[in-house]
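Using the sequences and the accompanying hints, generate a full structural model.
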Amino acid sequence: MALLNFLYKDEAFIASLYAQIFHGKLIQVAMEQADTKTLGKEMGAGVTVVSGKIQGGETTHAARTDTIDPHDAVTLDVLSHLSTMCVEEDRATPSSIVMLGGGLFLIPYELRKIIVDVGFEANQAQFLRSLGSIPDKKNKNKILEYAKKRCVGEPEEIRFFFCSDSGIWYWGTLQKQYIIALMETLQLTYGVEPIPVSMMAVYLGDMWKNTGQATTDPADLPVGMVRCMNGLTSMTNTVFATGVTDIRGSLAPVTLSQNITGTQAS
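Under the working numbering, think of the first position of the sequence shown as 14, with each following residue one higher.
Do not rely on the hints blindly, as some may be mistaken.
[Claimed, not checked] Here are the computed lysine-lysine pairs in the DSS-like style, where the Cα-Cα straight-line distance is at most 30 Å:
1) K189 / K126
2) K189 / K162
3) K161 / K151
4) K161 / K189
5) K151 / K162
6) K161 / K126
7) K162 / K126
8) K155 / K126
9) K153 / K126
Worth flagging that the hints you see were computed from the coordinates, not collected in a lab.
Fair warning: this is a prediction, and the values are worked out from it, not measured in the lab.
Set out below in structure tokens:
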């Protein structure tokens, strides 16, 4: 029997999928056991006995209910269903379900702040050129600062880079409340080496390719700003993965796990 060590489970997403697949969410499993006990009793005086003794039948029933916590049953049921929907990595399109093996790199918040500074030094000139329709330097700087915070993310977010077994790189964000404490200690154990994991994930799509075109029409400015900021995010995330010049896209992991192997006793 294959066992899994779950390092990460997006429990809210899994619960939603389970409810849709199986028309409800499994809460608990109750099992009732009934024990029957017969008490033997000799009859007293005044009873005519033909031969031997008369045994009076007095039966009591003791019922016990065991409540079983299904724990990972919901997750395994959902993964089993999703596995039938998985597509090959090279055929993945936005919203596809993929099952990938590979190495995981976690980027903590403090490290992200340092590397984003490096990324901005390399890319902010191109970003500012793309915002050519904003003449006010003060406003440009405000937009730069906002874009920078967006690239760094929030302290409770855990950014990751993932290199699949086929050598393709991805990036994404993990929700900290669903990650086990062991994950962060694993990163220390492996150091600069990737954490070997299996990942069931939703492929969110290719990285935004920045065209570098400036926005000229004020009416197009909001769209242009989003386009430029997505381009800057892509460039900065590429800087995150040192030595990697091409990151295919982003993933939203459903689960991260490691196989538990061993020999079953006979």
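Tested hints:
1. At most 30 Å may separate the alpha-carbon atoms for a hinted pair to count; K189 and K126 meet this at roughly 18 Å.
2. Distance hint between K189 and K162 is fulfilled; the C-alpha atoms sit about 18 Å from each other, no more than 30 Å.
3. Between the alpha carbons of K161 and K151 the distance comes to roughly 15 Å, so the proposed pair stays at or under 30 Å and holds.
4. Straight-line distance between C-alpha atoms of K161 and K189 comes to about 21 Å, which keeps the hinted pair within the 30 Å bound.
5. Distance restraint check for K151 and K162: the Cα-Cα separation of roughly 17 Å lies within the 30 Å cut-off, and the hinted pair is therefore satisfied.
6. Pair hint K161 plus K126 holds up; C-alpha atoms about 9 Å apart against a cutoff of 30 Å.
7. Taken as a hint, the K162 and K126 pair is honoured in the structure, with Cα atoms around 9 Å apart against an allowance of 30 Å.
8. A C-alpha spacing of about 17 Å is found between K155 and K126, which places the hinted pair at or below 30 Å, so the restraint holds.
9. Among the hinted pairs, K153 with K126 is consistent with the structure: their alpha-carbon atoms are about 20 Å apart, no more than 30 Å.
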